[in-house]
Amino acid sequence: MDFFVILGPVVLLFIVLGFVTYAIFFERKVIGWIQNRVGPNQVGPWGLLQTVADVLKLLIKEDVIPQKADVSLFKLAPIIAYTPAFAVLAVIPFTESLKFADIAVGLLYYMAVSSITTIGILLGGWASNNKYALLGGMRSAAQMISYEIPLVLSVVGVAMSAGSLNLTEIVKAQQTGVWFVLPQFLGFIVFLIAAIAELSRTPFDLPEAESELVAGYHTEYSGFRFAFFMLAEYTYIFAMASLITLLFFGGWSAPFGLTFIPPLIWFIFKFLFFVFFLFWLRATMPRIRVDQLMEFAWKVLLPLAILNIFLTALFKEIPVLSQFY
Amino acid sequence: MLRTEEMLLNVGPQHPSTHGVLRLVVKIDGEIIQDAEPVIGYLHRGTEKLAEDLNYTQIIPYTDRMDYLSAMTNNYAICHATETLMELEIPERAEFLRVIVMELNRVASHLVWLGTYLLDIGAMSPFLYCFRDREQILNLFNELCGARLTYNYMRVGGVKWDAPPGWLDKVKEFVKYMRNQMPEYHGLISGNEIFIQRTRGIGIVTQEMAISYGLSGANLRCTGVKWDLRKNQPYSIYDRFDFDVPVGKTGDLYDKYHCRMQEIIESLKIVEQAVEGFPEGGSTMAKVPRVLRVPEGEVYVGIESPRGELGCHIVSKGKDKPWRLKFRRPSFYNLQILPALLKGQNIANLVAILGGIDIVLGEVDC
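From first to last, the protein sequence lines stand for chains S and L. Using the numbering used here, read the first sequence as starting at 1 and increasing by one per residue. Using the numbering used here, read the second sequence as starting at 1 and increasing by one per residue.
Calculated directly from the structure, the hints in this document are not laboratory data. Any given hint could turn out to be false.
[Stated by the list, open to error] Heads up, simulated BS3-like pairs for lysine-lysine below, C-alpha to C-alpha not over 27 Å straight-line:
1) L:K27 with S:K68
2) S:K68 with S:K57
3) S:K75 with S:K131
4) S:K131 with L:K226
5) L:K343 with S:K131
6) L:K172 with L:K249
[As the list claims (entries may be wrong)] Cβ-to-Cβ under 10 Å is the rule here; a few derived chain S residues that face chain L:
7) K75
8) N129
9) Y132
10) L134
Even glycine gets a Cβ: it sits at the ideal position worked out from N, Cα and C.
Chain L with its partners taken away, still in its complex shape (with noise of 0.2 Å):
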């Protein structure tokens, strides 16, 4: 036997695939993983603390930053823990406008990590065609609130803008568009050997291990277990419409694949819905005062976002500003199994692992 020797290779912050600053300490014997650390704080902002000196509508255009490809999704998380708080009653268009918005967001979302992650598995060209298509959905956000990744579109007790007259049949038409590109994608991708190979079987999550390691999502979902908060803790809307939650067999990284393409496609079902039942006329905005103050109280409110469960806890003690906010950042908990899943791993899954995992690291270091 040849005597070997352990390496340490220091991946990232400045790596084309950690997806942003996250570095990784691993430890490899020839090209086999015996440990990896995620090192994470390279973007920390301190999100939390500085919303202890901000009002409640200040707070929101931070949470675009957080997990900046989605940034509806938390716009609503800190809004919907707010409106809890004060329970105020939110008017029909405002919700209507909240769950296109938000859904749409997650197809974009989604888009974004299946490019991306083709990319890190090295084929070049999907990446191009998600971008195109994404761009769709930036446009119409653009022309909705005049920006196209930090939207800071709602606020407390509704949204700020209404949808400008033509939007919802825009919405419409990408509906359509979008339905008929999936097949596009299912060709180039799904029944690609490669492809299939290079995620098969590879970095399997067992459920016990998922939950025990407080996955959501797309990663807890994709090892069958059946766990969607639009579902099982409704909110806003959502129980008005009819969609399914995919769920996979295995847990593999084809599962999780097959797992975010399919919630495209659901996704894409309440848009829809929601466009056809969108309520004629009334207001975007609840009666709210000029000045938040937000009830002595605490609240914890756990929404459904493209990467799972985001959460926002607000301690509030009957000021303008939250006393502490806090926010369960999904991405944040889910690369926590990643050492796990690394080990014994070849380095060229180091990649598609982390990839498969889905993190952004805004939303990680918060």
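Bound-form chain S, shown alone (with noise of 0.2 Å):
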């Protein structure tokens, strides 16, 4: 037991790093296939190792530091910014067993570890002395506390479903009925859009607009500062497609009963299936205006979020409308 408590995140980090490395190589050649290019296809067999080159550049890279800069908090940012990211797959269980932290309100850490990375890409910008840093750090910190309500509230309806706070609970009380997706569509699709602004994914991606801020908070980050906040992100992306996969597609149960795949590669089917969608979104969607951004989230997303809140309270304590549901 205690042999797993020890290298059990050690493998998770590598599994995680792994990732992240192959989520890169797969969303260039996902985009380069739908933009009628090939993408990467040079270093080493099918460009596969394009990645590793990547990080190893940035890894010998000159650490720059601007001169105007606050030294300790530029130096800090990077670190704030990922270890949220890290430490919030804790909670998550990828099948019935395995799994690093069972604890009863595994969801509500999740939406609390995770919005500590705010502070860090907010630091970020501001350390770095630039104004567009500035400007870009202050648009996630708007946008990530806009959308972190929405994205809470949507899923209390789930929480009141499973009638638990814990994921792997979730997931069970998913087994015995259909998967929440259905009943919980409403809170899905604010979900669904809440979770692609946290993880400032395009159209959504203002925080980095590449056209009009040139990189956003980390216009000065650079060599291995750079690859902890690009790291964090995609840290992000397995945790909130994991995330997804839990609470509104059933986590690792089989649908149709074909329990003859494992509970993992089930859960690693759904899971891709998502990190794909989001590299979709990317190639085929403008990017959305910073106020219409907020307009959205506090009067779009706020009142839905609220009603299937209602609608969900309603379906379960009525009892003429509980026997449907």
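Got two chains here, separate frames each, mind docking them using the hints?
Next comes the structure, spelled out in structure tokens:
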């Protein structure tokens, strides 16, 4: 047991790093395919080592810190951004047995810890002493705080249906009935949109809107500190795709009684679909404008999330309706 | 009320969305633009001054580098002005070739605008689709004159190269291909809710404003003014072709987009008619003396470039070099409205409005 406790997270870290490496490769291939290009194909067989080469390049780069930057904060920011991204993975159960921390309020833990990253991004933008970085950091803080509210509220419906905040319990609740994507469809849509905004991916990639803000909050970052911001971003993709799978698509449970395929494989299938979905969006969507983004969060998503809670409560508590539920 | 402070933001000249080396000094309050001042001149090469020491044929390659997305129309402007002053008769075949390449160049130029505009707004894929289609036009030009960007194709009195065998068929094929591509673009862009939200009602230019600022091209037509030099002051053989001048209603960015998209269709129409009526045989060069001595006098010609009215003003003292040469570059004139349009806008609209004007810095700075 002790062995597992110590070595488990290390193994997970390597899995996450492997995922990030190949998620970037996969993203470039998918987008290349959508855009009539080839994508990386030179380094290693089929270009498989492209990201490895990129990371190596970032590692051996000179560590540049702008002269007028706030040095200690500048160094701290990527760490604050990355640590919670990895920490949230602790509560994600990949199968019934393969999990690290089985705490009762897993969902709450995820939501709470993941919002710490915003501080890292804001710090990075502030400490860089660059106007573009500052604007990017401010946008990012505003966006993440705004979208966290509908994100949290949209999963309240799931928690009410499952009667638990523990992610394993939520999956188990789906194994007896239907996956929550059906009864909680409204919640799912709100969650999906808010999740994409939380991840700062197209069409909500305003914090690093290249055409407006050069590179947003990480304009001044280079080398390995930059790599850490990127790592945080892709680790969140890993975490968020896992969370969607767990909350709305039954986690590792097999659909249509196809139980001969192991649960872990099912989990990976569902999870990869969402990863692909995010990349697909990136290749097809323009970027939304910052004020429209805020309006959308507060005027559309938030009321919808509250409506979803209300409807869930109604269906659950009124005896006549709950038999259909 | 919180006390807020204005911030001075320097955008460019090395910024991904200033389309070259435009610099904007923007005063912002939060993300709202209070004041914007374009700073130009980073690409100034003194073409007009240099031209005073060059003979007329030598000036032509310099014009390629002004509006480098549409070098054919620039070539035509200087040739047309010189020919007008010399009262030259241009062979039929040369006129047809000129019209075909100018209209194809207009399509290519609008495709680059479309791609980079969408890139500014944050959509990546249309950029690559546009360049894929533009590539076909560049290949056609490459076959015709051996260059992909700076063509140096036209001469005073005609064109340098005749169409190689089979070239016109390829042009015809391209017109068909491009027509089939248009629904794809509309399907991808025109109906996209985010695109509409980002462009409709943004950067509105009224008719009075457009005229008082001297706007031309799609920037003027999107406000509803039906003004196209190919129709209003026909030059070359444009009066023989049947085409429409697309106009907008409101003068916002969405109308600009639709104007340019329809202009592509109209240009294809002209190309198709020109290929149909292409004269058999005949020369591609008028009889011109080896050394062009342009008679003393002054001339101004205006032609419709993809960006608006491209004018060329020559003052000749009867020598083989112009005494003074002046280009009216549409990008330069259209850019002047930018500070007025940016005031009070969100900084995210900055790139959308700037992109909508469609400037080419080589032409702004000349």
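Hint check:
1. L:K27 with S:K68: holds, 22 Å
2. S:K68 with S:K57: Given pair K68 (chain S), K57 (chain S) holds - Cα atoms ~26 Å apart, limit 27 Å.
3. S:K75 with S:K131: holds, 18 Å
4. S:K131 with L:K226: Not satisfied, since the Cα-Cα distance of roughly 43 Å exceeds 27 Å.
5. L:K343 with S:K131: Holds. K343 (chain L) to K131 (chain S) sits at ~20 Å (cutoff 27 Å).
6. L:K172 with L:K249: Status violated; Cα separation ~32 Å.
7. K75: Nearest chain L Cβ about 25 Å off; hint violated.
8. N129: violated, 13 Å
9. Y132: With Cβ-Cβ at 8 Å, under 10 Å, it holds.
10. L134: At 8 Å from the nearest chain L Cβ, L134 (chain S) passes the 10 Å test, so the hint holds.
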